[in-house]
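K.L.:
My request is simple: use the sequences and hints to build the entire structure.
Here is how the chains run, residue by residue.
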Amino acid sequence: MDELMLKTVKVTKIYNQGKQNEVIPVRDVSLKVKKGTSVVIKGPSGSGKTTLLSMIGCQIKPTHGEIVVNGKQVSKLPEKFANRHKREHIGFVFQQFHLIPDLSVLDNIMLPLLPFGMRPAERKNRAMKLLTQFDLEKRGRFKVKDLSGGEQQRTAICRSLVNGCSLLLADEPTAHLDGQLTADFLGYMAELKSKGYTILIASHDPAVFEHEMVDRIIEMKGGEILP
Amino acid sequence: MDKPTTSGNWLERQRNIVDYSLQGLFRRRTKNSLILVMYVLLIFVVSSVLFITGSLTVELFSTAEELPDITVQKMIGGRQVTIQEYYFKAISEIPGVEDVEPRVWGYFYLEELQANFTIYGMDLTLLEEGDYERIVNWNAARKNLEMQPEFRMIIGEGVSRLLKEIQMEDAFLFFQPNWDAAIPFEIIGTFKSETQLQSNDLMVMQTEGARKVLELKEGDFTDLVVYVPNPEETEMIALKIRRYYPELRTVTRAQIESTYTSAFNWKGGFVLSSMLVVIFAFLVLIWDKASGLSPAEKKEIGIMKAIGWDTEMILAVKFWESFIISIIAAVLGIVLSYFYIYWLHAPGLKEIFIGWSTLYPSFELVPDIDIKFLLLIVTVTVIPYSAMAVFPSWKAAITDTDYILRNN
Chain A
18 MDELMLKTVK
28 VTKIYNQGKQ
38 NEVIPVRDVS
48 LKVKKGTSVV
58 IKGPSGSGKT
68 TLLSMIGCQI
78 KPTHGEIVVN
88 GKQVSKLPEK
98 FANRHKREHI
108 GFVFQQFHLI
118 PDLSVLDNIM
128 LPLLPFGMRP
138 AERKNRAMKL
148 LTQFDLEKRG
158 RFKVKDLSGG
168 EQQRTAICRS
178 LVNGCSLLLA
188 DEPTAHLDGQ
198 LTADFLGYMA
208 ELKSKGYTIL
218 IASHDPAVFE
228 HEMVDRIIEM
238 KGGEILP
Chain B
1316 MDKPTTSGNW
1326 LERQRNIVDY
1336 SLQGLFRRRT
1346 KNSLILVMYV
1356 LLIFVVSSVL
1366 FITGSLTVEL
1376 FSTAEELPDI
1386 TVQKMIGGRQ
1396 VTIQEYYFKA
1406 ISEIPGVEDV
1416 EPRVWGYFYL
1426 EELQANFTIY
1436 GMDLTLLEEG
1446 DYERIVNWNA
1456 ARKNLEMQPE
1466 FRMIIGEGVS
1476 RLLKEIQMED
1486 AFLFFQPNWD
1496 AAIPFEIIGT
1506 FKSETQLQSN
1516 DLMVMQTEGA
1526 RKVLELKEGD
1536 FTDLVVYVPN
1546 PEETEMIALK
1556 IRRYYPELRT
1566 VTRAQIESTY
1576 TSAFNWKGGF
1586 VLSSMLVVIF
1596 AFLVLIWDKA
1606 SGLSPAEKKE
1616 IGIMKAIGWD
1626 TEMILAVKFW
1636 ESFIISIIAA
1646 VLGIVLSYFY
1656 IYWLHAPGLK
1666 EIFIGWSTLY
1676 PSFELVPDID
1686 IKFLLLIVTV
1696 TVIPYSAMAV
1706 FPSWKAAITD
1716 TDYILRNN
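These protein sequence lines are chains A and B, in that order. For what it's worth, this note's numbering labels the leading residue of the first sequence as 18, then goes sequentially. For what it's worth, this note's numbering labels the leading residue of the second sequence as 1316, then goes sequentially.
If you're looking for bench data, these hints aren't it; they were derived computationally from the structure. Incorrect hints may have been included.
With a Cα cut of at most 25 Å, we get these calculated SDA-like pairs of lysine to any residue [said to hold, decoys possible]:
#  : chain 1 : residue 1 : chain 2 : residue 2
1  : A       : K97       : B       : W1325
2  : A       : K141      : B       : D1317
3  : B       : K1389     : B       : D1438
4  : A       : K24       : A       : S121
5  : A       : K93       : B       : K1532
6  : B       : K1614     : A       : K24
7  : B       : K1532     : B       : Q1570
8  : A       : K78       : B       : T1714
9  : A       : K49       : A       : K89
10 : A       : K162      : B       : S1609
11 : B       : K1555     : B       : Q1570
P.N.:
Structure below.
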């Protein structure tokens, strides 16, 4: 359990570097996350949580610093390898869910598997397992745009898990959910944690960082981690 | 959940990409149907023009083989008039001339059917004695009766079709209001359809009968045809004929071929120019494809990137989408065009190419599909369209994922 899943060393992101409109949303962030733990990064809007999560999830590259996921240096990977790392090791639940509205729930969940060259039956089998686990089996053929907010979020969680990821990242996952759905979501996270997933959540929702499944809280402000 | 096999199967991955492309086409079916209709229309227009030009050119060249080396006509006041027998003898004596044949031919306009027939006079017994089974469907029943009326004729299929409409399948009465009596002709056969441009409106008859129908005096001919065994000498002999007899005009086979070819090509260009609206609409369509994607399409690309799709996989999806549309449009356009030209006989378009066809009996266009034409059509439409469609997707795919997802 002491093995590290994630390590960042002085990670900095600078937009428009050297220009008048230069912005530094994340500055010199160093942190370590052990395997199988759940960590919440909390902080107000604009504190750099989402940018940090995006860099860890290989959505954007840091300007400086080093990110190591499961022993692999990912911050300087060429795009092709970063994409491969993303689809093989990272699960990402976006704040806006980012599902394709006119695709069915099943097709949305299977979408990350297409680049693997997996047979349709195998893809479907994996997706169906998750649909059952997240109580969505009756919604498989529904288009995402016809689902409720909670169902959409569960679909997004299923999509993030379908690749058998080891690190699950969630960006403000409860921002669009009511109290009950937030509780449901945290229940799912607790269940995943018990199965050995490493979970990193960016949130400013007290319901999240006060939940019992959270092992550690990291606070950010102005792009830096508060001591 | 266990991890999927890292490498996967390349073929399966391609299949997944094509499946996803088809799914995408279906999801955006309203937009794609509109694109498809425009695209089919464009290919239909271009291939119709190419088909008809190609068929007419082939038809022309197949008939050109039968053309005489030089046709000699007499001109007075810029008009063609009948030519007299003595020219026949004089031209035969020019060195290099193998043979000279005087011809009796002209046109007969049948007002009842509003059709113009070409009358050609010859000795029909030569046809019957020779090996003409290849070009004539003999009317065997009549032939066996061994009736040898003075006036008999063989007609083209177009003429035969028209005459059936007025119940004159076996015989035809030529009549003009200024004549004392009608001239009856027995129809003893029809020409086969191989060279319809030439034979479709033709009535080949006994020379004496043709003279009567065309009101030609004895010793007068419509023109002379000259055969020259050495093609290198044709132009020189034509020049000699014009020098010796300035009142005569010569038309060589090469001149006829080049006149028709350039006329068909010019008309093809004219038709394509008049279809500029369709071509312009297609260009707008390409421009629309090239100038950008809808926010929903951009977001979809952003999502694909965010969950680990490679740029080339996204481009492959977009390429297949446009390629599938292009290929469907090309096949549909070409098949519809084939149906329009060769089954429906190109109504509206044929009249542009055969200007006088409202007078002539209609003729069948013999299918002649040049694979080069088809490749040209596919090349000038499918490739630019597919490339243009991929370009905006490439722009979106190389843009920062985070930026796309935040802004769409």
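K.L.:
Now tell me if each hint is right for this structure.
P.N.:
So, going through the hints one by one against the coordinates:
1. Between K97 (chain A) and W1325 (chain B) the alpha-carbon distance is near 16 Å, which keeps this suggested pair within the 25 Å criterion.
2. Note on K141 (chain A) and D1317 (chain B): the hinted pairing holds, with a Cα-Cα distance of about 14 Å set against a maximum of 25 Å.
3. Annotation: proposed proximity of K1389 (chain B) to D1438 (chain B) holds, straight-line Cα distance about 23 Å (limit 25 Å).
4. Taken as a hint, the K24 (chain A) and S121 (chain A) pair is broken in the structure, with Cα atoms around 36 Å apart against an allowance of 25 Å.
5. A hinted pair counts as satisfied when its Cα atoms are at most 25 Å apart, and K93 (chain A) with K1532 (chain B) does not qualify at roughly 100 Å.
6. This hinted pair does not check out: K1614 (chain B) and K24 (chain A) have alpha carbons roughly 30 Å apart, beyond 25 Å.
7. Annotation: proposed proximity of K1532 (chain B) to Q1570 (chain B) is violated, straight-line Cα distance about 30 Å (limit 25 Å).
8. With a C-alpha separation of about 13 Å, the suggested pair K78 (chain A) and T1714 (chain B) falls inside the 25 Å cut-off, and the hint holds.
9. For a cut-off of 25 Å, the pair hint linking K49 (chain A) to K89 (chain A) stands: about 14 Å separates their Cα positions.
10. Distance restraint check for K162 (chain A) and S1609 (chain B): the Cα-Cα separation of roughly 18 Å lies within the 25 Å cut-off, and the hinted pair is therefore satisfied.
11. Taking the CA atoms of K1555 (chain B) and Q1570 (chain B), the gap is near 17 Å; set against the 25 Å cutoff, the hint holds.
In the structure shown, a violation is registered for the earlier hints numbered 4, 5, 6, 7, in ascending order.
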